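With the hints as extra help, turn the sequences into a complete structure.
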Amino acid sequence: MRSDRTRRILLVGAAVAALGAGALPVLGSGPAAAEDGCQVDYDIVNSWGGGFQADVTLTAGEPVDGWDITWEFPAGTTVSSAWNVDWSQSGTSFTGSDVGWNAAVGAGESVRVFGFVGSGSAAAPEAISVNGTLCDGQTGPSPDPTPTPTPTPTPTPTPTPTDDPTTPPDGPVRIMPLGDSITGSPGCWRGNLWQHVTDAGYDVDFVGSQYAGCAPAGADLDNEGHGGALVTNVTANGQSRAWLEQNTPDVVLLHFGTNDVWSNVPPGQILDAYTSIVTDLRDLNPDATVLVAQIIPLAPDASFGCADCPQRAVDLNAEIPGWATSLSTEESPIVVVDQWTGFDPATDTDDGVHPNDSGNVKIAARWFEALDDVLG
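With mature numbering (1 follows the signal peptide of the UniProt record, and there is no 0) applied, the sequence shown corresponds to residues -34 to -1, 1 to 342, in that order.
In short, the hints are calculated from the structure, not lab data.
All figures in this text were calculated on a predicted structure; none of them were measured in a lab.
Treat the hints with caution; some may be incorrect.
Unchecked claim - Calculated pairs, SDA-like style, for lysine to any residue (alpha carbon to alpha carbon, straight line, at most 20 Å):
no., residue 1, residue 2
1, 328, 296
2, 328, 310
3, 328, 185
Here it is as C-alpha cells:
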C-alpha cells in the first residue's frame, strides 16, 4: 500500500466486519466551526488482522460550510481506500476535505462525513485538527486500545505449532468473477487481473461456467459473466445459486446490476439480490469473501433511450457501502471496491457502457488493489 498519494473519492472500497466499535470524541474549533467549537468522532468500527475500518463524524456547534480535517497517524499506519472525502497522505500526515455535497453541517448536527480503510495500528491518531485549528486534548499521543493486554490463562497445554502456525487453504484460492457482460464478454478485464495476480505470485484459480478469450495468452478466464443478465432475475430464478454450487468460490468479484439499473429496478431490490447471493455463498462456503463493486458509470448515447441511467447508477452506488456494512462478518467479509471513481465513459468505453481496453485496465487495477489485501 502506498503512503503518499492524493485521491478524490466520492465512494470507494471498504472492508467491513461485525466487530465492536470504539470512538474518540475530540473537541475543537476552526474557521468554519462555531465559536462553541465542534466535535470529531474518530470511530474504529471494524478491525481484523493488520487492518481496520474507521468512520469520522463531525458535530458542529454552529453551521459549517466546508471542512478540512487533519491528523497524524501512528508510524506505519496507511490509508488504502476512503469514501466521501478528498484525501491525501504523506508519511504519517493525513488530510481529508469535503467533496462538495457533504460540505455543510448544520448547527448541532452530527454527520458521518467520511470513512476509510487502513492498515497498521488502529490506535487513535494524534493532533486532530478541524479547519486548521488543533482540537482540544490532542496535543499528545493517544494510547493504543490495549497497551498492556492481560494474559489469558491456558487451562490445558497448548499443542506445539508446526513450522507454519497458520495453515493456508489446500490448493489455490478459487475466485469467481460474477456479473453481466461487463464481467463476461465483451468485458475483458479478467485477463488483466489474472496478470496482476500471477505477477504477484498468488496461487489462484478463476472459476465459472463461462469462458471468453482475452489477452494475455494462457490467462485463466473462467467466470460467471452473463450478457444481458439482471441480478434480480438470476437470484429469483435460482440461477446464481446453481452457479455457486457448480463452482463454489473462496472469493466472489461482484460487478452486477447494470442491466437492472437500465431496467429501472430500484436500488433496494438490487441490494436484496446481492443479499441472496451472499446468503447462498455463505451456505456453501461460510468463510468466503465478497468483493462488491460500485459499478462503472453509465453514459449511453441518447439513442439508447436511457437518459436517467447515469443517475440511477449513482443512486445504486450510494447505497452499496451501507449494505456491505450491515452484512459483513469477520469470517466472511464484504469489501466494497470503487469501480466508479476515475472511470471515464468517454475514454474508457466505446459505447458509454462496456469497457474498452483502457477501461479494462482500470477495472482490473481496482479489483487487484482490493484482492491483494485479501490474498496477502
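The hints, checked one at a time:
| no. | hint | in the structure |
| --- | --- | --- |
| 1 | 328 - 296 | 29 Å, violated |
| 2 | 328 - 310 | 10 Å, holds |
| 3 | 328 - 185 | 18 Å, holds |
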